[in-house]
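The listed protein sequences correspond, in order, to chains Z and E.
Whatever position you read off the first sequence (first residue = 1), add 47 for our numbering.
Whatever position you read off the second sequence (first residue = 1), add 8 for our numbering.
One or more hints might be untrue.
Derived DMTMM-like pairs (lysine to aspartate or glutamate); straight-line CA-CA distance at most 25 angstroms [unchecked claim]:
1) E:Lys-15 / Z:Glu-218
2) E:Lys-11 / Z:Glu-111
3) Z:Lys-112 / Z:Glu-221
4) Z:Lys-176 / E:Glu-46
5) Z:Lys-52 / E:Glu-181
6) Z:Lys-240 / Z:Glu-221
7) E:Lys-15 / Z:Glu-184
8) Z:Lys-268 / Z:Glu-111
Simulated from the structure, these hints should not be mistaken for laboratory data.
Note that the coordinates shown come from a computational prediction; the quantities given were computed from them, not determined experimentally.
One-letter residues, chain by chain:
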Amino acid sequence: MRTKKLVNSLLVILLAVLTVAFLSPIFIVLMNSFKGQFFISDAPFALPTRDTFVGFDNYLSGIEKIGFFSALGYSLFITVFSVLAILIFTAMTSWYLTRVRGRFTRVVYYTFVFSMIVPFQMVMFTMSKIANVLHLENPVGIILIYLGFGAGLSVFMFCGFIRGIPLAIEEAAEIDGCTPVQRFFYVILPILKPISITVAVLNAMWIWNDYLLPLLVIGSKYRTIPVAVQYLQGGYGSRDMGALMAMLVLAIIPIVVFYGLMQKHIIRGVVAGAVKG
Amino acid sequence: MQKSLRKYGWLFLLPTLIAFLIAFVIPFLAGVWLSFTEFTTVTNAKFVGLDNYIRIFTDNRDFLNAFWFTVKFTVVSVVSVNLLAFILALLLTKGLRGTNFFRTAFFMPNLIGGIVLGYIWQLIINGVLSGMGVDLTYRAEYGFWGLVVLMNWQMIGYMMIIYVAGLQNIPSELHEVAAIDGAGGFATLRHITLPLVMPSITICTFLTLSNSFKMFDQNYALTGGAPGKETQMLALDIYNTFYGSVGNEGVGQAKAVLFFVLVALVALIQLRITRAREVET
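Chain Z on its own, in the form it takes in the complex (with noise of 0.2 angstroms):
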């Protein structure tokens, strides 16, 4: 038993000494923030000292050159309201498809399925396209996108779900006189929190971090974070560096601070997420 104990409180040694190694290239981003570009490239492992710390330099020149908080902005809005559109959307339309049998909902369910294996790229161009003729590329029509991009993986893990919901609830509902979007808003609805927060989850960590599709939809006009961050590392002849690792730092803090919030809902979501991909 005492070996036991010796080997475990070794174990846990071992995991924290794993765990230090393990993030400490997000510490030593965050090291280098404070450095003078020049001293970033060649020795990217040395503390600051005196003649290399500049302060909150960096963080004020790469807020400049690459609009930071107009980024942070684009993200957020559209990062939430995407999300808010598919759970809403895609809720109905789950529902729909798998209350009413059918031929036509059948296609329909199958061709979601379908579209989670279609790599981006086999769509990428003629979708941008698209977005530009239907004069889509603005933060509001780029919603309209995430939403149809969205769509596969979420009406795949609702439908799941609502088929385990018994039938006797709805048709105590109808013959409470109900009409279907009452049924669906006071019954259904509240019965789908759960299975909501995975997909609101799941899709707002890839719309966040997404990179290709806003770039090739709004890009020009509006840059969301990931679309800036690169923005810096092209848009100039010789790079700040200084700037780059200060752009990093801001672009890691919101996910931090997200995953400090929602956690439980995110292990939570991407088990379940996983379990049904």
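Starting from the known structure of chain Z, fit chain E onto it as the hints suggest.
Only chain E this time, still in chain Z's reference frame:
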């Protein structure tokens, strides 16, 4: 009940269907059609049969090189990510102190987007290599292993969480019975744990496989394909064919169709193989 609901079909279906048609169905069908045509904008397409598909292999070796690079990367990543994630999951289901904290920490990198990940690792790897006076783009092997390290960093925590869930589903009586029967740690792992977490292994293999095969952002940010186009993966090759060269849109679209077929095939084969080995529980 179906009848009363049917009347409202337009309300429940229309918003999602319109978005789905615009964002996916029409672009997909147009994409398949355009792969058989020559075009610069969608409206001036001219049917050319299989020309684009032939040009993929005759114009240059980019696609084939990208294909082999992607395959090699995918094999190495799938094996390393799953092995490490599984070992970590075993350690983190022993009821050790701090288990929750460790799980949280290891999952963290998964939430960071590919572009940001690419630049984080560019800094780290270039820092290490600068000791030898070279950088990431000096040799293709550096880029390859850089991508593998990045992929592991991003995916290990995610896969670990799924393995943990799978391991926790194994009834503890099974381990007790095995211990009474005199099974050692390794025998228990081989004959009880592994067969019972097979569903998790299926899921994780599938996820790492498709994520590695379709990788774009990380590749784009970390190496950009350098040196030359040697570390260019399939998704990046398609992107560059479209946007990095002129007059090759048709070839780009044909590559995209092939890419889609490959992804679909890999997914189907993989699912079939691992499904067959799952234990019914």
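Hints, verified against the model:
| no. | hint | verdict |
| --- | --- | --- |
| 1 | E:Lys-15 / Z:Glu-218 | 17 angstroms, holds |
| 2 | E:Lys-11 / Z:Glu-111 | 58 angstroms, violated |
| 3 | Z:Lys-112 / Z:Glu-221 | 58 angstroms, violated |
| 4 | Z:Lys-176 / E:Glu-46 | 16 angstroms, holds |
| 5 | Z:Lys-52 / E:Glu-181 | 22 angstroms, holds |
| 6 | Z:Lys-240 / Z:Glu-221 | 21 angstroms, holds |
| 7 | E:Lys-15 / Z:Glu-184 | 34 angstroms, violated |
| 8 | Z:Lys-268 / Z:Glu-111 | 16 angstroms, holds |
Hints 2, 3 and 7, counting from the list given before, are not met by this structure.
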